[in-house]
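Residue numbering for the sequence shown follows our numbering, beginning at 17 and increasing consecutively.
Because the hints were derived from the structure by calculation, they are not lab data.
Take the hints with a grain of salt, since some may be wrong.
[Stated by the list, open to error] When the alpha-carbon atoms are kept at most 25 Å apart in a straight line, the in silico DSS-like pairs for lysine-lysine are as follows:
| hint | residue 1 | residue 2 |
| --- | --- | --- |
| 1 | K229 | K80 |
| 2 | K164 | K148 |
| 3 | K282 | K148 |
| 4 | K309 | K229 |
| 5 | K223 | K80 |
| 6 | K282 | K121 |
[Claimed, not checked] Taking CB as the label site, the calculated pair distances span:
| hint | residue 1 | residue 2 | range |
| --- | --- | --- | --- |
| 7 | V124 | S262 | 35 to 43 Å |
| 8 | V137 | A221 | 36 to 44 Å |
| 9 | Q210 | V145 | 17 to 25 Å |
Don't be surprised by glycine CBs; every beta carbon is placed ideally from N, CA and C.
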Amino acid sequence: MTKKNPMSRALVRRETIAGYAFMLPSLIFFLGFVIYPMVQCVFTSFFDSTMNRDDIFIGLDNYKELFQDPIFRGALWNTVIIVVVSVPVVCIFSLWVSSVIYDLKGPVCSAFRCIFYLPVVTGSVAVTVVWKWMFNNYYGIFNYVGTKTGVLDQNINWLGDERFALGCIILILLTTSVGQPIVLYVSALNNVDQSLVEAAEVDGATKMQCFWKIKWPQIMPTTLYILVITTINSFQCFALIQLLTSGGPNHSTDTIMYYIYYNAFKLYRYGYGNAMGVVLAIIIAVLSAVQFKMAKSE
Numbered sequence: 017m018t019k020k021n022p023m024s025r026a027l028v029r030r031e032t033i034a035g036y037a038f039m040l041p042s043l044i045f046f047l048g049f050v051i052y053p054m055v056q057c058v059f060t061s062f063f064d065s066t067m068n069r070d071d072i073f074i075g076l077d078n079y080k081e082l083f084q085d086p087i088f089r090g091a092l093w094n095t096v097i098i099v100v101v102s103v104p105v106v107c108i109f110s111l112w113v114s115s116v117i118y119d120l121k122g123p124v125c126s127a128f129r130c131i132f133y134l135p136v137v138t139g140s141v142a143v144t145v146v147w148k149w150m151f152n153n154y155y156g157i158f159n160y161v162g163t164k165t166g167v168l169d170q171n172i173n174w175l176g177d178e179r180f181a182l183g184c185i186i187l188i189l190l191t192t193s194v195g196q197p198i199v200l201y202v203s204a205l206n207n208v209d210q211s212l213v214e215a216a217e218v219d220g221a222t223k224m225q226c227f228w229k230i231k232w233p234q235i236m237p238t239t240l241y242i243l244v245i246t247t248i249n250s251f252q253c254f255a256l257i258q259l260l261t262s263g264g265p266n267h268s269t270d271t272i273m274y275y276i277y278y279n280a281f282k283l284y285r286y287g288y289g290n291a292m293g294v295v296l297a298i299i300i301a302v303l304s305a306v307q308f309k310m311a312k313s314e
């Protein structure tokens, strides 16, 4: 049995220390700005916490009030609608577009990827300002085209009408959410083993059979990532609500994230807002676990 060289042990020890030293700034940042706020959020959710006085321990009262609050229940329902509509539409549309532009090799494919990814890198405020102009009930492009073509009898206050406001938010969210999935799917399709596809085509397989039997299993990890990220982003829809409707009209576009902001930073009910944050984190964690389980079972 050979003994380890002392120089080798010393080298391994120095490399280990150097590795942890390089990790230390990121670790401090992670503990200070991620883990600590999470623990503090859970802790504060058991208190009646507000400004200008000491926190009062109230146990589970915040959580009891939460599910008796009709505005919170409405915000939860709006958030569920956004997730149920946006997640499958984003995934299906992104996969379809990626399959189409994947066959456009070279600069054409790159140009389309750039076009679809542009809203992702564009500031959310700039994108929202453009959409707000398009939905304007006096001079917006939707009302202009609709009235000129006869589709609309009169101008519609898209963002000020309870019937249309949430649908407008979902439409904007869809246009800003498909860029990253398209780029990821194109990259995933590029990594598919083409020899398997060619062999299947020689054996008489159709394009649809090649996709479902060969390509789809190989891009499943990318699909899982897109599902999880899109679900989380949909649950955390806030900027569009804040900039376009502020939860109106009549709370018809409230989401959980916006209602957390409203209670914590407008009503200064930090404990109540943190209780909502804990509930939202649990919902997202459970859905993500279900998605991982479903993906592994296929």
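Hints versus structure:
{"no.": "1", "hint": "K229 x K80", "verdict": "violated (49 Å)"}
{"no.": "2", "hint": "K164 x K148", "verdict": "holds (20 Å)"}
{"no.": "3", "hint": "K282 x K148", "verdict": "holds (24 Å)"}
{"no.": "4", "hint": "K309 x K229", "verdict": "holds (20 Å)"}
{"no.": "5", "hint": "K223 x K80", "verdict": "violated (54 Å)"}
{"no.": "6", "hint": "K282 x K121", "verdict": "violated (51 Å)"}
{"no.": "7", "hint": "V124 x S262: 35 to 43 Å", "verdict": "holds (42 Å)"}
{"no.": "8", "hint": "V137 x A221: 36 to 44 Å", "verdict": "holds (38 Å)"}
{"no.": "9", "hint": "Q210 x V145: 17 to 25 Å", "verdict": "violated (44 Å)"}
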